[in-house]
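These protein sequence lines are chains A and B, in that order.
Anchor point for the first sequence: position 47 equals 1404 in the numbering used here, and the numbering is continuous, going up by one each time.
Anchor point for the second sequence: position 71 equals 130 in the numbering used here, and the numbering is continuous, going up by one each time.
It is worth saying that the hints were derived from the structure and are not from the lab.
Every value quoted in this text rests on a predicted model; they were computed, and no experiment measured them.
C-beta: ideal position from N, C-alpha, C; glycine also.
Fair warning: there could be bad hints in the mix.
The calculated DSS-like cross-link candidates involving lysine-lysine, where the alpha carbons are at most 27 Å apart (straight line), are [claimed, not checked]: (1) 126(B) x 115(B); (2) 1428(A) x 1366(A); (3) 1440(A) x 1366(A); (4) 101(B) x 115(B); (5) 115(B) x 1371(A); (6) 1440(A) x 115(B); (7) 1428(A) x 115(B); (8) 1440(A) x 1414(A); (9) 1414(A) x 1366(A); (10) 1366(A) x 101(B); (11) 101(B) x 1414(A); (12) 1414(A) x 1371(A); (13) 1366(A) x 1427(A); (14) 1414(A) x 1427(A); (15) 1414(A) x 1428(A).
Estimated spans, in silico, between C-beta atoms of each pair [what the hints assert, rightly or not]: (16) 79(B) x 1420(A): 35 to 41 Å; (17) 1430(A) x 74(B): 22 to 28 Å; (18) 74(B) x 1427(A): 32 to 38 Å; (19) 1472(A) x 116(B): 47 to 53 Å; (20) 1369(A) x 69(B): 27 to 33 Å.
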Amino acid sequence: DGGITQSPKYLFRKEGQNVTLSCEQNLNHDAMYWYRQDPGQGLRLIYYSQIVNDFQKGDIAEGYSVSREKKESFPLTVTSAQKNPTAFYLCASSIGGGHSNQPQHFGDGTRLSIL
Amino acid sequence: QKEVEQNSGPLSVPEGAIASLNCTYSDRVSQSFFWYRQYSGKSPELIMSIYSNGDKEDGRFTAQLNKASQYVSLLIRDSQPSDSATYLCAGPGYSSASKIIFGSGTRLSIRP
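With the hints as constraints, model all of the structure from the sequences given.
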């Protein structure tokens, strides 16, 4: 079955530690996205990528980094510079890079907490 | 002004009634809109896409797009307790045509 796989489902970060959230898709989608959702809040865009080896900052990129070395994969690193990382992180993908008339499809998310 | 706006709710509707969810947007040239359903603790799930003016029906769901008035709505007929969730409206942002902008969501509660 085609879909988006995020791992791990739960993640705990120690003070000063970088952690990486995995996102893999087998939908052959060009575009991939990372969102952050805080309790009772909407989705905030962290980074997005329309094509391999290219990515753009979203609205809240500070303290985060990404890479897009393969079409299927778009990992997100939460660095120690992100002082309030506790949130629900969602990865999404859509068919065409640069085509906002295509819907995004989401993975199941990763919950990150501080130890 | 936010690019996509929704009333946060909560909206409480009796079981069996019609639930009406609304969304307004600020980009006059937007072509397509999407409705997502998000259960508590879960990720958003796409339930409707609408690309042209007028109504689009899919089972108990009807999406309505009115480009002249810049609003899009979702009607849920014969509301069921399983429809209780947060509903997110999404559309293209005028600041960047390559990404979708999500509203903050409307929390819907169906009371038995």
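Status of the hints after comparison with the structure:
1. Proposed proximity of residue 126(B) and residue 115(B) is supported: the alpha carbons are some 14 Å apart, at most 27 Å.
2. For the suggested pair residue 1428(A) and residue 1366(A), the alpha carbons sit about 22 Å apart, so the restraint of at most 27 Å is met.
3. The straight-line distance between the Cα atoms of residue 1440(A) and residue 1366(A) is roughly 21 Å, inside the 27 Å bound, and the hint therefore holds.
4. A threshold of 27 Å between alpha carbons decides the hint, and for residue 101(B) with residue 115(B) the separation of about 26 Å falls inside it, so the pair holds.
5. Our distance criterion of 27 Å between C-alpha atoms is broken by residue 115(B) and residue 1371(A), whose separation comes to about 48 Å.
6. At most 27 Å may separate the alpha-carbon atoms for a hinted pair to count; residue 1440(A) and residue 115(B) exceed this at roughly 44 Å.
7. For the hint linking residue 1428(A) to residue 115(B), the alpha-carbon distance of about 33 Å lies beyond 27 Å, and the restraint is violated.
8. Distance hint between residue 1440(A) and residue 1414(A) is fulfilled; the C-alpha atoms sit about 18 Å from each other, no more than 27 Å.
9. Restraint check: the Cα-Cα separation between residue 1414(A) and residue 1366(A) comes to about 24 Å, which is no more than 27 Å; the hinted pair holds.
10. Pair hint residue 1366(A) plus residue 101(B) holds up; C-alpha atoms about 11 Å apart against a cutoff of 27 Å.
11. Between residue 101(B) and residue 1414(A) the CA atoms are separated by roughly 25 Å; this keeps the pair inside 27 Å, and the hint holds.
12. Straight-line distance between C-alpha atoms of residue 1414(A) and residue 1371(A) comes to about 25 Å, which keeps the hinted pair within the 27 Å bound.
13. Of the supplied pair hints, the one linking residue 1366(A) and residue 1427(A) holds, its CA atoms being roughly 22 Å apart against a limit of 27 Å.
14. Of the pairs offered as hints, the one joining residue 1414(A) and residue 1427(A) holds, with about 18 Å between alpha carbons and a cut-off of 27 Å not exceeded.
15. For the proposed pair residue 1414(A) and residue 1428(A), the alpha carbon gap of about 18 Å is at most 27 Å, so the pair holds.
16. Taken as a hint, the range 35 to 41 Å holds for the pair residue 79(B) and residue 1420(A), whose Cβ atoms sit roughly 39 Å apart.
17. Taking the beta carbon of each, residue 1430(A) and residue 74(B) are about 44 Å apart, not inside 22 to 28 Å as hinted.
18. Roughly 47 Å separates the CB atoms of residue 74(B) and residue 1427(A), a value that falls outside the hinted 32 to 38 Å.
19. At roughly 49 Å, the beta-carbon separation of residue 1472(A) and residue 116(B) lies within the given 47 to 53 Å, and the hint holds.
20. In this structure the hint that residue 1369(A) and residue 69(B) lie 27 to 33 Å apart at CB holds, the actual value being about 31 Å.
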